Structure formats: structure tokens, C-alpha cells
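**Q** Following the hints, position chains A and G with the ligands against chain W.
Chain order of the listed sequences is W, A and G. Just so you know, we're using this note's numbering here: the first sequence kicks off at 1021 and counts up by one. Just so you know, we're using this note's numbering here: the second sequence kicks off at 58 and counts up by one. Just so you know, we're using this note's numbering here: the third sequence kicks off at 13 and counts up by one.
To be clear, the hints were calculated from the coordinates, so they are not data collected in a lab. Don't take every hint at face value.
[Claimed, not checked] Using 30 Å as the maximum straight-line C-alpha spacing, the simulated BS3-like pairs for lysine-lysine come out as follows:
{"#": "1", "chain 1": "G", "residue 1": "Lys358", "chain 2": "A", "residue 2": "Lys128"}
{"#": "2", "chain 1": "G", "residue 1": "Lys198", "chain 2": "A", "residue 2": "Lys130"}
{"#": "3", "chain 1": "W", "residue 1": "Lys1112", "chain 2": "G", "residue 2": "Lys198"}
{"#": "4", "chain 1": "A", "residue 1": "Lys128", "chain 2": "A", "residue 2": "Lys102"}
{"#": "5", "chain 1": "G", "residue 1": "Lys435", "chain 2": "A", "residue 2": "Lys130"}
{"#": "6", "chain 1": "G", "residue 1": "Lys358", "chain 2": "A", "residue 2": "Lys130"}
{"#": "7", "chain 1": "G", "residue 1": "Lys435", "chain 2": "A", "residue 2": "Lys128"}
{"#": "8", "chain 1": "A", "residue 1": "Lys61", "chain 2": "A", "residue 2": "Lys130"}
{"#": "9", "chain 1": "A", "residue 1": "Lys128", "chain 2": "G", "residue 2": "Lys198"}
{"#": "10", "chain 1": "A", "residue 1": "Lys130", "chain 2": "G", "residue 2": "Lys504"}
[Unchecked claim] Away from chain A, derived, C-beta distances all over 10 Å, residues of chain G:
{"#": "11", "residue": "Arg34"}
{"#": "12", "residue": "Phe36"}
{"#": "13", "residue": "Ile59"}
{"#": "14", "residue": "Ala66"}
{"#": "15", "residue": "Asp82"}
{"#": "16", "residue": "Val242"}
{"#": "17", "residue": "Leu330"}
{"#": "18", "residue": "Ile359"}
{"#": "19", "residue": "Val439"}
{"#": "20", "residue": "Pro472"}
The structure displayed is predicted, hence computed values, not measured ones. Every residue, glycine too, gets a C-beta built ideally from N, C-alpha and C.
Here are the chains, one letter per residue:
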Amino acid sequence: MTTLDSSKEINKIESDVSAHHEDFRMFGLITFLIADGMTFAGFFAAYLTYKAVNPLPDGAIYELELPIPTLNTILLLVSSATFHKSGKALLKNKNSDTQKWLIVTALLGITFLICQLFEYFNLPFGLTDNLFASTFYALTGFHGLHVTLGTLMILIISWQTRPKEGRITNQNMFPLEAVELYWHFVDGIWVILFIILYLL
Amino acid sequence: MLNKNFYLILIISAVFGISFWIGFNVNLLPAEASINAPIYDELFKILFIIGLIIFIGMTIAVIYSLFKFRKKKDQLGDGIALEGNLSLEIVWTIIPSIIVLIIGLYSYNIYDRMGGMKELNHSHEMITSNTEKIWAGISQASNNEVASNNLSVEVSAMQFAFLFNYPKGEFISGELHVPVDHKVSMKMESKDVIHAFWVPEFRIKQDIIPGQPTILNFTPTKVGKYPIICAELCGPYHGGMRASIIVEEESDYKDWFNKNTKTGVSL
Amino acid sequence: MTISIDSQDSNPKSLQPKGWLRYFSFSLDHKVIGIQYLVCGFLFYLIGGTLASAIRIELASPMSDFMPRDVYNQVLTLHGTIMIFLWIVPVVNGAFGNYLIPFYVGARDMAFPRLNAVAFWLIPPSGLMLVASYFIEGAAQAGWTAYPPLSITTPQSGQIIWIMSVLLLGGSSIFGGINFIATIIKLRRPGLKLMQLPMYCWAMLGTSLLVVLSTPVLAGTLILLSFDIVANTGFFNPVLGGNVVVYQHLFWFYSHPAVYIMVLPAFGLVSEILPVHSRKPLFGYTTMVFSIMGIVVLGLVVWAHHMFTSGTPPWMRLFFTIATAFIAVPTGIKFFNWVATLWGGKISINSAMLFSCGFIINFVFGGITGVALAQVPFDIHVHDTYFVVAHFHYIVYGGTVFIIFSSIYHWFPKVTGKLMNEKLGIVHFAITFIGFNLCFAPQHWLGLNGMPRRVAEYDPQFQFVNQISSLGALLMAISTVPFLVNIFLSIKNGKDSGDNPWNALTPEWLTSSPPPVENWEGEAPLVEEPYGYGNPIYQENQQKKR
Ligand code: HEA
Ligand code: HEA
Ligand code: CUA
Ligand SMILES: [Cu+2]
Chain W
1021 MTTLDSSKEI NKIESDVSAH HEDFRMFGLI TFLIADGMTF AGFFAAYLTY KAVNPLPDGA
1081 IYELELPIPT LNTILLLVSS ATFHKSGKAL LKNKNSDTQK WLIVTALLGI TFLICQLFEY
1141 FNLPFGLTDN LFASTFYALT GFHGLHVTLG TLMILIISWQ TRPKEGRITN QNMFPLEAVE
1201 LYWHFVDGIW VILFIILYLL
Chain A
58 MLNKNFYLIL IISAVFGISF WIGFNVNLLP AEASINAPIY DELFKILFII GLIIFIGMTI
118 AVIYSLFKFR KKKDQLGDGI ALEGNLSLEI VWTIIPSIIV LIIGLYSYNI YDRMGGMKEL
178 NHSHEMITSN TEKIWAGISQ ASNNEVASNN LSVEVSAMQF AFLFNYPKGE FISGELHVPV
238 DHKVSMKMES KDVIHAFWVP EFRIKQDIIP GQPTILNFTP TKVGKYPIIC AELCGPYHGG
298 MRASIIVEEE SDYKDWFNKN TKTGVSL
Chain G
13 MTISIDSQDS NPKSLQPKGW LRYFSFSLDH KVIGIQYLVC GFLFYLIGGT LASAIRIELA
73 SPMSDFMPRD VYNQVLTLHG TIMIFLWIVP VVNGAFGNYL IPFYVGARDM AFPRLNAVAF
133 WLIPPSGLML VASYFIEGAA QAGWTAYPPL SITTPQSGQI IWIMSVLLLG GSSIFGGINF
193 IATIIKLRRP GLKLMQLPMY CWAMLGTSLL VVLSTPVLAG TLILLSFDIV ANTGFFNPVL
253 GGNVVVYQHL FWFYSHPAVY IMVLPAFGLV SEILPVHSRK PLFGYTTMVF SIMGIVVLGL
313 VVWAHHMFTS GTPPWMRLFF TIATAFIAVP TGIKFFNWVA TLWGGKISIN SAMLFSCGFI
373 INFVFGGITG VALAQVPFDI HVHDTYFVVA HFHYIVYGGT VFIIFSSIYH WFPKVTGKLM
433 NEKLGIVHFA ITFIGFNLCF APQHWLGLNG MPRRVAEYDP QFQFVNQISS LGALLMAIST
493 VPFLVNIFLS IKNGKDSGDN PWNALTPEWL TSSPPPVENW EGEAPLVEEP YGYGNPIYQE
553 NQQKKR
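Chain W on its own, in the form it takes in the complex:
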């Protein structure tokens, strides 16, 4: 290969790189989610240690009702599926469908948050009652914060996918894909949280 060839080759690849930002933007996002996951891992580790070595004082209430969290688990799992649908629709260039599915996803997220708040208000313990209560609120609260953020981002991208002048098209899917990945991540965390906090 002559130098001229190779330089052409490089220019081509370089322009490729700038055309397909998604590649390393997605990579960056995944790295970020790993970091975020470590925060949860720290919380889970703390919770499990407390459970193992710090028995609660007698008479402390920590029985949790299962119906609402189970409903919440279903809500989030379904919302992951609807988000996936919206991505599929965008690939087929059906922006109005995309938008529809995104709004459904956001509504599911909002329902999740409402259920969560409902559960908070009906729990027999408060934030500072005991170690279990504090950790419970810290974990679910931190997760709830993630859901809130995710819901906001879904609303923003659903606005940006509006059929006519929307910024997100099947040429520019990165924002949608990024939020989708984030949303699946938040779901995954919830499943772990559900198992550790409610089932164990």
C-alpha cells in the first residue's frame, strides 16, 4: 500500500468515525452505567451486611407487603417492552408510533412512581425508625430517583420524535437508544432490588 493509499484509507475511516458517533457515545454510556451500578452495589452490600450482623431491636416492624412491589415489577418489565417497541417503530420510520409507545412507557414509569409513593405512605415505619427502614428508603429512594430521571428523559425524547420537525429520526437514533439502555438498566436494578429487599 502506498502512503497515498493509506492516507486515503485513514481519511475514510476518520470520516466514518465522526459519522457514527453512537459507537463511542454508547460505549461511554455503558461505562457510566457500570459506575452507577457500583453505587447500587455499595448500597446492596451495606444492606446485606446490616441484615447479617445487625439484628433489629425487638418489636421493630419490617414485614413488607408484596402486592404493590409485585405490581411495580410488572409495570417496569412491561415498560421495558414498550420502550423496545418504540425503538422498533422508529427503525421502520413510523415516528408517530414511536411517540405513542414512548408515552405509554412514560405513563408506566409515572404509575410506578405513584405506586411507590403510595407504598411509602402506607408503610408502618418511617425513614429514621431503624436500620432496616433507613436502608429500605435509601435503596428504593435512590432507585426512584433514577426512575424519575428516566421518565423525564423519555418525555423529552418523545417530544423530539414528533413526526414533522422532530430531532430524532431513524438517521439519528442515539438519544432514543441511550435512554432505552438506561431504562433497561433501571429495570434490572429494580429486579435485583425486589429480590433482595422484598423476597429475601
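**A** Just chains A and G with the ligands, lined up with the frame of chain W:
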């Protein structure tokens, strides 16, 4: 070639010789006043010698290279294009691994002799029935005949003082009095923040943690007065949080105890 | 969250301010950001060093007479926090990483320039906030480790500000880490293989992995701690049933890796400097890479060696002893390889080289005391004493700070196009080296003989040795003068260095000094042998590539 090897061997023996000499002749540690202390000092000596050999060896290698291989005034060009040497690299992976492994096993042995691997138990009648979880500490081996006759003390630490409770005599003292050559077993708990109980002459230290009692056992071997130092930052007066441990002959200890006891029990 | 992660900037860089002003702007140029990190870090180093001088003045006499006891605790807390989070971490990672990594991977900038600028601009406000907390109602005073319950019961405003600023700095560090990983893995110039990267890239890859995996845990922990302080929860508050040892585990799960975050980049930098000035290839490239990764993996599983006297069960003590001591093996490989790099070279003895060799000597000393500390029975006696203080200053100052100075001497011509004054540099080295050893070597003895750390007053028997130590600290303070003078003189009227004064082969030297905005006038050169010294054919090729 022979010449080169000769110098190498000479230098290596000199490094070993100097390190051993320093290791055996320079004492960096305070007096030994518990059965832990000589064990500790044995470990220290070994670590000190190994450390010196590695440190002096590396320093000589660096300084020698700087002198030997420095670029002369009018010299141009590069050094040899040597990118590595697998067998050499394997050698200096394996040798440190072996050293580290030996040090690890040896210090395990030392720790065991100090009683670190023993079940933690506090041999005191008042707390025998409890289900309380003991967190950590050193439970010293009592290989000493006399030491079977344990003395139990309850230590409570607070900002910024130690209090020593002698349950047998139901009195509290600000100084720790113990008879020489008797095993002392202490249960320690803090009233506020984390403190630590440290007697340098005994080579022992254990954090005193609020909400989680810890155990510390030791056997003093030398009569005298030694400082008890708080070794965990506990507030502004952390530096002033000190007490004394007074190791005395058994008869002196008995006198002291009998003078202070509130239960009428005398030793 | 995804929003802030942006792509290659679309702003033309030409619109950004020129000259001095650009260093005060939200610049997206990785070279500008690198310098911003360095200068900002150095200013905080002067603040941290001033605090250290205050500590040493206080300790020159056994009584607590220079400042009140609680102020002493604030000073040492600020000193530790500033030195770690505002000097070492931002400089060895942020400053050199941002300046060098894009050159090394053959890119025109970092993967996420905007995120990069955000990461930098988080630092000055949080640093200033931290320093300001001292003047408001008193700074945090629970040490840089902020162990509860002390950190819960000391005056709250200072502690809360401390938490907030460490959280922001942690965030900055995570953003930086993400950026470095993405740049090294994804932004490499076509044709450049991973195993051809200069060693600093590997070091930064390892470091960034540690940052991404461990810093978030610190963030979570500090959030819980702040709940304990402001919301009266009981995670770490024994009065409310909490467990103080859990905090220590979580804290050290970050802060042990943090020590490798402070030293791995320095390992990378010294691997760049030694081959250039000894005119020899880096010895054992592949083993160096593996030992970095070995240190990363081991570094994540040794945290409890800081807690041998806390509530850790015996089996745990044993496991952590062995794991910790084994870090000496990959680290040792690196040191032996560096000495082998010097061996048989044609060494120019200049300031950069002297500081690097000083680093090797000091670090080996600090590492050996580290291996001793890793032995449980040994650590039980010296934990929380001046022996530990001596250990880590040998590593952070004698190691990392020496390398920062070495790197400044080495890359100054790159950044400014001027040479630094070698005579002043050697004076700087001599005073620093002597002062440093005078200051910290005696502290080993202090620790062994009964002086605990973090005390404003001590047993009068230790006065003499403490005064020697304070004298050493004075020398260290003085040694900053020739350095600063050198910097200012060289910037103003240093000799022209030309583009490549050291005749180095790593890619950053294959462009003009100082480099143009997008690093290369033409395309980035493909450097397959960054350490091809001694190989005439290769060097000729390299010169042609320019
Ligand atoms: C950059 C920072 C840095 C680095 C790299 C290290 C490196 C090491 N550290 Fe250090 N350490 C700190 C910063 C650092 N440390 C700090 C800040 C603290 C105090 C925190 C606080 O409480 O405030 C601390 C505290 C600390 C403790 C706790 C002490 C205590 O509080 O009781 C321990 C215990 O194990 C320890 C061990 C080690 C070991 C084994 C290494 C190893 O990585 C060293 C390995 C290197 C070598 C061994 C030298 C080179 C090797 C050879 C030449 C090969 C041959 C050698 C042998 C066979 C031994 N360190
Ligand atoms: C990480 C890097 C780092 C660095 C570089 C240093 C540098 C120094 N440190 Fe620090 N130190 C720590 C990290 C570091 N330290 C940590 C983490 C702790 C533990 C804190 C804790 O316990 O919580 C600690 C604790 C600590 C103690 C123990 C305090 C105690 O436990 O009571 C001491 C005591 O001697 C000390 C001394 C010094 C000295 C003399 C320097 C010197 O090397 C500093 C030299 C620099 C200068 C002297 C600056 C010179 C400039 C001027 C003076 C110019 C004047 C100013 C202007 C122009 C504005 N340090
Ligand atoms: Cu009690 Cu320090
Ligand atoms: Cu550590």
C-alpha cells in the same frame, strides 16, 4: 567475566552483610514489656532485614546505573535496543512471590503465637451467660503457667478518658493496675465515638467501638509504668487522651486492689 | 444523564478565546484542559502545603500552642483532602491524562470534550467551597477518612460541605475516567494496536477502571453519611443501631483503590520519561501491561488492611494480609523493569531523570513499609501512628509528587516550546530530596515508639525527632521557590527548545512544540514503536513521519 561476577558477588554479600548488621544492631523499638513484645520484635527484625536488603539493593542499582551508564560529553546515539528478557522477568516475578509468601506464612505464625487466631472469649463470670456478639480483638495464648489465673477488666472509653472497671471489686479506676505475669483480659466498649487502646511497650492495639464490644488480652512481663494511648482520632482532645498502665508485683497489686475494693472481697 | 455525555464537539475551536484568556474559559481543547488541571492542582498544592507547614509548626513543640486543638484537626483534614482530591488525583489523571492521551492514541481530542470541560470545571468551585468552609463555621475535623460516629457528632456545617465537595470531586473523577476509557479503547487512530500504545495509556486505562468501579461506592457511602448527619438516620450511628464498621468497609473499598488511582498514572509517566532520557526501549513492555492489570485486580480486593484493628474477624485479616502483600509482586516487576531500562543506556542526567530516579528510591522504601504494614501482627502495633504517616508520604510525596515534578521538567518544552533551566532544576531536586527524607524518615521511628497520628500534642520525649521532621518540611517549602522561579523565568525567556528537544519517539513529540489546535497539521502519525530507541532504521522512519 570472572571479574564481573566476582564484583557482583562481593556487592551482594556486602548488601546482605550490612542489612543483617543493621537489623541485629539497630533497635528502633521501645522496651519489651509483654509476652507479645518479643514475638513482635522477632517479626520486626525479619521484615527489617528483608526490607533493607531490597531497599539497599535497589538504591545501589539505580545509583550505579546513573554513574556507569551516564552519557559522556561527546557521545551520540542510543543505548542498546534491548526490549526485554523473558527469563530475567520470570526470575523477578518468582523471587518476590516467594519472599512475599514466606513473609505471609511467617507472619501468620507470629499472629497465631500472639493469640490472634484464637476463639474470642472473655473469661469473666459476669458475662458468661450473654449472647452478645464479640467483634474482634486479640485473645492471647496462655502458655504461661501463672497466667491461667486471669484478671478481668472492663474498659470503657469516652471523649476523652479511659475508665477501668474491676468487676470483682466493683470499683472504677482511671489507671490500669495489673499484676506482672498474669493474663489480663479486657472487654472494651466505647460510650461515644471510636477510640483505640494502645500500649506501645506491649505491641498491642485494638479499636474501642461504640455498640460493638471488643476483646483484648495480654500478659505483662515487666514491672513498670507504661502509657496507654488513644490511637483513633476521637475529637479535639484526642492527643490528650492518655492513661497509664501500672504493672506491679502481685503483692503490690493486691494491696492496691484491697485498698480500692468496694465489695469487701479481697485478694 | 445521557444528555451531558456529548460527542466530539461541533463548535469550531477557532471561536474560543486565544492567549491567556482561554485558560479561564470553558475550553474544549484537551491541551487547554490539561493545563487548567495542572495549574489549578498546583495552586491547591500550595494551599495544602501551607496547611502541612502549619501542621509541622504545631508539631515542633510538644504542647498544643500554635493553634487550638480543633483547628489542628481541621487543618489536617483539609490538608489530607486537598492533597488527595485536589492535587494528586486531578493532576496525575486529569492534567497529564488530558494532555497526553489524545496524542498517544492519535486523536485530535478526547472522546467527550464537553464532558471533559465539565469535569474540570467541577474542581475549582468544590475546592474553593472546601477551603471556604474553614472560614465559615470551621471545616470538617474528622480526618480525611471521616469515620463516623465522629463525623456525625462534630460540627455539622463543615462536615456537610466536606461531603458535598468530595462528592463533586468524585463526580469529576468519574467523568474523567469514562472519558479516558472511551478515548483509549474507541478513539484510537486506525491501525494503532492496543499493544503499541505508550505505557501511560495502559496506566490510565487501569486507573480509569478503578475510578469507574470504586468511586461510585464512595459517593453512595457519603450520601448515606450525609443522611446520618442531616436526616437523623442511623446507618453509621451506633446510638440508632447503626454499624460504624460498615462505613469503614465501604470507605476503604474506594480509598484503597484510590491509592492506586494516585500512583498508577505516575507509573505510566515514569515509563515514558525513563526510556527517553536513557535512550533505551522500555524494558519488558508486555509484563508491564500485565502487572498494571494485576495491580488493578488486586487493588480491588485488599481494602480491609486499613481496618486490622477494627472489628474484622480473624479469617478476614489473614486473607487481606496475603492479598495485600501480593501487590508487591506486580509492583516489583515494574520497578525491576525500570532499573533494567536504565541499565546499559546512555543516560542524560537532568532534572526529569533525577526526579524519576528519586521516585524509584523513595517508592521502593514506601512500598516496603507498606508490605510490612500489610502483616496483621506488625500493623497492630503501628496502625494509626506516624509510621503510617511516613509510609504514605513516602509513596504520595516521594513517589507521585516526584513524578509530577519530573513530568513537568520533561514536558515543559512540549507545552511551551521553551527549555527549563537545568541548574535551578537540579537545585530544586537536591533540596526536595533532602528535605523530604529529613521530614519523613524520622517519622517511622516516632510511630514505632509511641506517637499516634492526628495529635496536636505529644509526649515531650519525641520533641527532638519532631523538630528534625519540621526542619525537613521547611526545606520542602523552600524547595518550591527554585521551582516556581524556574517556571516563570523559563516561560519568559527560556531557551527555544525546538520541536523535539529530547529526540523522543512517542507521538506527542512528532508535532510542533507547542502543538497546534488539533494536534497535527496533517494526519496523525502512526507510531508503532514508541520505544524504538537504539534501532537506527526505526528512528529514521520516525523522523520521516514528521
Ligand atoms: C499512592 C498511594 C499509596 C500506594 C501506592 C500505597 C501502596 C501500598 N500500601 Fe499504603 N497507604 C496509603 C497510600 C498508598 N499506599 C495511604 C494514603 C495510607 C493511609 C490512609 C490513612 O489511614 O489515612 C496507606 C496505608 C496503608 C496501610 C494501612 C496502615 C494502617 O493504617 O494501619 C497498609 C497496610 O497494609 C498499606 C499497605 C500498602 C502496600 C502493601 C502497598 C503496595 O502497593 C506497595 C508495593 C510496592 C513495593 C513493595 C515496592 C516495590 C517492590 C519491589 C522492589 C519488589 C520486592 C519487594 C518485596 C518482595 C517486598 N498502606
Ligand atoms: C496526597 C498527598 C500529600 C502530600 C503531597 C502531602 C505533603 C505533606 N504532608 Fe501530608 N498528609 C496527607 C497527604 C499528603 N501530604 C494525608 C492524606 C494525610 C492524612 C490526613 C488525615 O490524617 O486525615 C496527611 C497528614 C500529614 C501529617 C500528619 C498529621 C497528623 O496526623 O497529625 C503530616 C505531619 O507531618 C503531614 C505533613 C506533610 C508535609 C510536611 C508535606 C509536604 O510535603 C508539603 C510540601 C509543600 C509545601 C511546604 C508547599 C510549599 C509552599 C508554600 C509554603 C508557599 C507559601 C504559600 C503560598 C505562596 C500561597 N501530612
Ligand atoms: Cu480517644 Cu482518640
Ligand atoms: Cu490501602
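**Q** If a hint holds in the structure, say so; if it does not, say that too.
**A** Against the structure, the hints:
no.: 1; hint: G/Lys358 with A/Lys128; verdict: holds, 5 Å
no.: 2; hint: G/Lys198 with A/Lys130; verdict: violated, 44 Å
no.: 3; hint: W/Lys1112 with G/Lys198; verdict: holds, 29 Å
no.: 4; hint: A/Lys128 with A/Lys102; verdict: violated, 40 Å
no.: 5; hint: G/Lys435 with A/Lys130; verdict: holds, 17 Å
no.: 6; hint: G/Lys358 with A/Lys130; verdict: holds, 11 Å
no.: 7; hint: G/Lys435 with A/Lys128; verdict: holds, 18 Å
no.: 8; hint: A/Lys61 with A/Lys130; verdict: holds, 26 Å
no.: 9; hint: A/Lys128 with G/Lys198; verdict: violated, 40 Å
no.: 10; hint: A/Lys130 with G/Lys504; verdict: holds, 29 Å
no.: 11; hint: Arg34; verdict: holds, 38 Å
no.: 12; hint: Phe36; verdict: holds, 39 Å
no.: 13; hint: Ile59; verdict: holds, 22 Å
no.: 14; hint: Ala66; verdict: holds, 16 Å
no.: 15; hint: Asp82; verdict: violated, 4 Å
no.: 16; hint: Val242; verdict: holds, 19 Å
no.: 17; hint: Leu330; verdict: violated, 6 Å
no.: 18; hint: Ile359; verdict: violated, 5 Å
no.: 19; hint: Val439; verdict: holds, 18 Å
no.: 20; hint: Pro472; verdict: holds, 12 Å
Of the numbered hints stated above, those contradicted by the structure are hints 2, 4, 9, 15, 17 and 18, listed in ascending order.
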